[in-house]
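Based on the hints, put chains C, F and X with the ligands in the right spot on chain Y.
There are 4 protein chains.
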Amino acid sequence: MAKLKWGMIGGGEGSQIGPAHRLGAGLDGLFEFTAGALDHRPEAGRDYGQRLGLSPDRSYGDWREMLEGEKGRDDRVDLVTVATPNATHFEITKAFLENGFHVLCEKPMTMTVEEGEDIVRLSEKTGRICAVNYGYTGYSLVRHMKAMVARGDLGRVRLVVAEFAHGHHADAADMDNPRVRWRYDPAQAGVSAQFADCGIHALHMASFVIGQNAERLSADTVSCIDSRTLEDDAMVNLRFDGGTVGRLWTSSIAIGRQHGLTLQVFGEKGGLRWAQEQPNQLYWMPLGERLQIIERGEANLSPEADRSTRVTIGHAEGMPLAFANIYSDLAEAIRAAKDGRDMDPAADLYPRAEDGLRSMAAVFAVAESGKRNGEWVDARPPLFR
Amino acid sequence: MAKLKWGMIGGGEGSQIGPAHRLGAGLDGLFEFTAGALDHRPEAGRDYGQRLGLSPDRSYGDWREMLEGEKGRDDRVDLVTVATPNATHFEITKAFLENGFHVLCEKPMTMTVEEGEDIVRLSEKTGRICAVNYGYTGYSLVRHMKAMVARGDLGRVRLVVAEFAHGHHADAADMDNPRVRWRYDPAQAGVSAQFADCGIHALHMASFVIGQNAERLSADTVSCIDSRTLEDDAMVNLRFDGGTVGRLWTSSIAIGRQHGLTLQVFGEKGGLRWAQEQPNQLYWMPLGERLQIIERGEANLSPEADRSTRVTIGHAEGMPLAFANIYSDLAEAIRAAKDGRDMDPAADLYPRAEDGLRSMAAVFAVAESGKRNGEWVDARPPLFR
Amino acid sequence: MAKLKWGMIGGGEGSQIGPAHRLGAGLDGLFEFTAGALDHRPEAGRDYGQRLGLSPDRSYGDWREMLEGEKGRDDRVDLVTVATPNATHFEITKAFLENGFHVLCEKPMTMTVEEGEDIVRLSEKTGRICAVNYGYTGYSLVRHMKAMVARGDLGRVRLVVAEFAHGHHADAADMDNPRVRWRYDPAQAGVSAQFADCGIHALHMASFVIGQNAERLSADTVSCIDSRTLEDDAMVNLRFDGGTVGRLWTSSIAIGRQHGLTLQVFGEKGGLRWAQEQPNQLYWMPLGERLQIIERGEANLSPEADRSTRVTIGHAEGMPLAFANIYSDLAEAIRAAKDGRDMDPAADLYPRAEDGLRSMAAVFAVAESGKRNGEWVDARPPLFR
Amino acid sequence: MAKLKWGMIGGGEGSQIGPAHRLGAGLDGLFEFTAGALDHRPEAGRDYGQRLGLSPDRSYGDWREMLEGEKGRDDRVDLVTVATPNATHFEITKAFLENGFHVLCEKPMTMTVEEGEDIVRLSEKTGRICAVNYGYTGYSLVRHMKAMVARGDLGRVRLVVAEFAHGHHADAADMDNPRVRWRYDPAQAGVSAQFADCGIHALHMASFVIGQNAERLSADTVSCIDSRTLEDDAMVNLRFDGGTVGRLWTSSIAIGRQHGLTLQVFGEKGGLRWAQEQPNQLYWMPLGERLQIIERGEANLSPEADRSTRVTIGHAEGMPLAFANIYSDLAEAIRAAKDGRDMDPAADLYPRAEDGLRSMAAVFAVAESGKRNGEWVDARPPLFR
Ligand SMILES: NC(=O)c1ccc[n+]([C@@H]2O[C@H](COP(=O)([O-])OP(=O)(O)OC[C@H]3O[C@@H](n4cnc5c(N)ncnc54)[C@H](O)[C@@H]3O)[C@@H](O)[C@H]2O)c1
Ligand SMILES: NC(=O)c1ccc[n+]([C@@H]2O[C@H](COP(=O)([O-])OP(=O)(O)OC[C@H]3O[C@@H](n4cnc5c(N)ncnc54)[C@H](O)[C@@H]3O)[C@@H](O)[C@H]2O)c1
Ligand SMILES: NC(=O)c1ccc[n+]([C@@H]2O[C@H](COP(=O)([O-])OP(=O)(O)OC[C@H]3O[C@@H](n4cnc5c(N)ncnc54)[C@H](O)[C@@H]3O)[C@@H](O)[C@H]2O)c1
Ligand SMILES: NC(=O)c1ccc[n+]([C@@H]2O[C@H](COP(=O)([O-])OP(=O)(O)OC[C@H]3O[C@@H](n4cnc5c(N)ncnc54)[C@H](O)[C@@H]3O)[C@@H](O)[C@H]2O)c1
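Protein chains in written order, with our numbering: chain Y, 1 to 385; chain C, 1001 to 1385; chain F, 2001 to 2385; chain X, 3001 to 3385.
FYI, nobody ran anything at the bench for these hints, they're computed from the structure.
Honestly, I wouldn't trust all of these hints.
[What the hints assert, rightly or not] Here are some of the chain X residues that sit facing chain F, going by a computed Cβ distance under 10 Å:
hint, residue
1, Met3111
2, Glu3114
3, Ala3165
4, Ala3170
5, Met3175
6, Asp3176
7, Ile3225
8, Asp3232
9, Asp3233
10, Asn3237
11, Trp3249
12, Gly3271
13, Arg3273
14, Ala3275
15, Trp3284
[Claimed, not checked] Keeping only pairs whose Cα atoms sit at most 27 Å apart, straight-line, the calculated DSS-like set for lysine-lysine is:
hint, chain 1, residue 1, chain 2, residue 2
16, Y, Lys338, Y, Lys125
17, Y, Lys3, X, Lys3125
18, F, Lys2338, C, Lys1005
Where a beta carbon is used, it is the ideal one built from N, C-alpha and C, also for glycine.
Same shape as in the complex, but just chain Y:
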């Protein structure tokens, strides 16, 4: 089966997330890295692309050049990943969708709710995929949690507790560190810092697993370091549209926590606990029984878990494989579309533009509620009310 052609915008040399995308897209051999506009400095981008194996004519200096170059080709890229800084996501994603490309956009998909709504409508209108990289949902056991909830193992889900709390911005001296400073500056980061950066991962994961969307929320947002305007710590209480109560803590000043993305789901018939840093074990207690440890790679977990696992039980799988699962879903979706067939339902799990939009709505809701002392506000984008 011929590989799909894959292009990337952003993710230049030294970028944080670029390598993870190349790993994820490449590791199953489903995509061929074919085109890119990798850097905001045209020459650096062209050069690096070629060093990564792109042909000179498809290692572009900027994304507009890439759009021009690709859109005319018969062998144009099947999927474009947008991994540039946040403020550029909307414009680039929009342009590629309009020209008939499938897109995987980094989070946050846009800077405003309105832009998010545009993207959702555009994706619908053009029939092009617009996925959003909530890559942590690619973990096999996260998908298995979703499957367990969906097939009723937990009964009605009463409560979901999500955390994304780390300590990497806890040093007050970071006020002078350019890699950190901009994040807490509204001019550059918008209305929210830590929630927009990490909280939306936790919120999306909660929604993904319980199969419900946030309806209302109340937030307590604080800046623990004086020089910051935007929040570095937030507690958000939620109500989901299926009746589940949510609690979400996100922080960047929690010294001693490396990554800190965790999910707990409590239903009528059992409880689940999972942590991104030990992603190969899932703690499950059926009501009235003992706590047991579900291992990634166990036989017969669920179609969703089975499809998204590669090595045998007892061998750790990590984050690049989670990303690869998003790409594998997309490959299946693109191929199914090409072939005019239904896609494998166990692959139909990649996050959508709708999810990106919902995150944006949540970001603004958190910021608003935070300003209003925790007043409950609507967490939904107008489009979905």
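Same frame as chain Y, now just chains C, F and X with the ligands:
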């Protein structure tokens, strides 16, 4: 050194907390169990007391009889523990204080803030100790956390995150279980269920460790099981009087968690993490360094930790020893009072009537804020505003 | 019920194990600390005993004085604990048994196999209890492991893997530390250091849990620090008399391990794993199922586990309570003997002189095999061959 | 930079290890999967190869055909992975080396010591790389352990303790399972089962980390299931050529352990502990300090660790990335050879034919010592004595 004489009210045969008090009071040989009114059924109480070794004339049928019997004696008990159901704490504690006894009262100390204020005033007026059994603060490493904060290891404390979330009331069928049902019934339990039962332990521990009291709070309280009127799950956001932000989650429907009392403290210069179920390890990350594991029993931790530890490093110490530390503090306080000397400052750590009162104020504040959709309310008792 | 009277030899001020015995004997209120000869310095012993609450006439200057003093009394002590240095155990234990006292002797019970055989015969002849303080078998979940094996949950036990490996003697500079040095000096410590000190705990626990005794063994003993004559690290392979294979690693140079006593038991139908440092959890995997976590304090584990637990699930119990279980067994055994009735079988778990003798035989076998390059040798005392 | 061309023998559809190689070889984009003879059934192999993207003329029916096909080409494969059953490794590896190909052979490299010596000599003579896939040494933190030892962080290494003990062959009913049965049958598996299959991984890792080779060993080998002739459990004591003592436990009947590859290293100045199932954390205690947790991805660990890590701290990396590190080393070695330059020393870590040979010698030594009741035997291949 002669043992102090100890009496107990409540804690009859089959009671939950009675044995832990007898263990805690007895294990250092500081107290002699001398008198008791152990059961609401006079005969059962008398009989059980004698089986536990009380002399017949000091194994009383009820607390009034005990008060009468003891107050006239020269060798009257030095300390009375009140471990009866919540609604009786105030009356009994009051009566014993008024008659010049030192009291250790179970939590919650009272059912209302006003009662709590009475007890505080009474304790002050009579000069008698009124302690409250927040026994988990007796753990050596909890005391060490307090010492670390106090001596500045963490710098200013920015954030404290406390949890007391378990799953023991998660079964909807428990609606018919008399041991569970009353807890969620306002007629019997008052304005709050899970927060009043467990949340106040977490709140007290947070206050104890950071050396600050709650000033304001906002609560999201929910009942996850339909038949319940009072909350079985709550998230409380707090502001402490030294400027620290607090987050406190308490739940009784979190299936898979056995006890679930944990504390995380984040300061300018480092972060701490501790869990009651593994109380002999404390996770500590100094800013910019690695996570390290402080072991109970390490040499030279702090006077507070050293005083409250009994066996060598690597040997687990558990909850009965934590309780015993409260009793050991009280023995030192009583003796120091008798001897007219200052008490060992490393023993001056037992929770006070003031703490019991503050808990009451927090319970009412949580209930009120919960009803008002999370409005921020004053968390302090009027007496301390 | 009147308390039993308890006496102690050794365990003076500042001793390592003395406080743990007093905690263990005292905490259930079954024993009254009544007599003692606590120190090798008569005055220090008398003085400390009185400070601990002994009456002056029963706070003796040495054990012979105590023997004289106690043996004539009507109210003489019911049980004597011998917690002096190893070389004195035999003589003291023998003298007290001969005079009709029940004895709890610290490990190792004797310095030679022959002495051990004497004690076994003497205990039999006099009908007096001679227990040996393998206190770690007092943990509730260790007793539950034994019960699980006995009732067949594991099927035939194929393999038992025990470790007691810590790092507290890893500093080569300790060669000059008197608290460490003597342990590796044959003149003072006998034929074995680390195995005799710690290995026998692990071996006894393995035997206790699987209900079998060591028959043959092969040992690899090494001294990792040059100045040492006796071993600080040993690996021992074993065959038990019920056919189970054993593997036992003990070390005192394993830096990073605090205590390091663990047990793994593998049978036809399942596997168990337990560690002394987290004694409230037991990992159990039934063949073909998931790993599950058994919690101390769970309802209906086994009579043995239930009897040896004091506080509710989710609250840690530690080592003093394990010791207390040994004392509680002994109280039951002594009372049953007094009352002329059978003892509660769930209490009939305290280690016996026979176990102390078997340990001695194992110590000599390990030393011999170690010298002979791991030759397999008989691990049994001649008396039991 | 053009990709290297990669071929594979074995690893057909449904094979256990095939996918891990394709992941590992592919994920950095260093190798292009170009040729293969994937299955013992020619048609199945050809077909599967094409489905994996091989061109029809390079998807061969068997390895001899592949050798013929490739050796004449200008664009012949740069590296051949041999992932067929054990008994075929020698013949295939030999043939490809002789024809000038670099080879990565699965473990065990050969079935006898003599064959192993042949391969070592051949690799030397031809100047071709013959690597052996001890893929677990590819983990970033395993490489960091090696670096720590090499740079002296531990001082002299006194003791290394390795385990590879799992429970996947614990079911006696497996006697009829063809996937399990052959492993314990000398006719098919040779002189050793569990040690040859798993033990050599643990032994190689120990050697790799401490930078020493096994000199002598003593083994206790047992079959816990009656129907088995070869061992399913073994304890091996070792002496390494730099003076370090080794202890190695391997088992396939340890129910409750999923994978069970762990390494502990104890030196004069500190101790290390690592487990394959949580490969992103390394426990390190410097003598006299606290246990601390080294995280994969920390800044400035060592050139070896830094080179072999791909995603940021706090994100799990798993086994496919460990394998990829072996491939990445090989790519660097092959390129350096092509370019006539020295290779990056931080990449010079892939296991060699010499290691494969040493493993074979250890396998025979274990089998021999096991038969002779643990007699100490030479663990070195004659070539290296
Ligand atoms: N899903 C996740 O878990 C996750 C994790 C980290 C980052 N991200 C997201 O990925 C995006 C990139 O983050 P990063 O940390 O890699 O940032 P970075 O600053 O490390 O790298 C950004 C890269 O984009 C390039 N770039 C900038 N503008 C460009 C343009 N106009 N055209 C082409 N290239 C351009 C830069 O040259 C650089 O190489 C952000 O939106 C971030 O939120 C997501
Ligand atoms: N500090 C803690 O960690 C903790 C833990 C559990 C319970 N508690 C508190 O301890 C108290 C008792 O709780 P419990 O779970 O043991 O209750 P329980 O119902 O198990 O036992 C209560 C005991 O009090 C006796 N009693 C009732 N009324 C009495 C009276 N008027 N006079 C004498 N005895 C009387 C009963 O006969 C019974 O023996 C409660 O206030 C509870 O909140 C505290
Ligand atoms: N079961 C266990 O887990 C465990 C743990 C530690 C020690 N032990 C054993 O306990 C025993 C004591 O060990 P330790 O570490 O407490 O020793 P230690 O040196 O700390 O204390 C020994 C005490 O015995 C006293 N003593 C010595 N000779 C005496 C005599 N003739 N008469 C009366 N008192 C005498 C000393 O004055 C001192 O108070 C040893 O046999 C040791 O093996 C057992
Ligand atoms: N390094 C590791 O961690 C690790 C792990 C597992 C297996 N292994 C090793 O990998 C090798 C393969 O093991 P597996 O578990 O994948 O075995 P497997 O039986 O699952 O697969 C073997 C594959 O090789 C193919 N094959 C057999 N003979 C062939 C031939 N002559 N030519 C071409 N293809 C042939 C088979 O068709 C099959 O596809 C073994 O040597 C094993 O020891 C190593």
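> Honestly, which of those hints from before does the structure not fit?
Replying inline: Checked against the structure, the hints that fail are numbers 1, 2, 5, 6, 14, 17 and 18, while the rest are satisfied.
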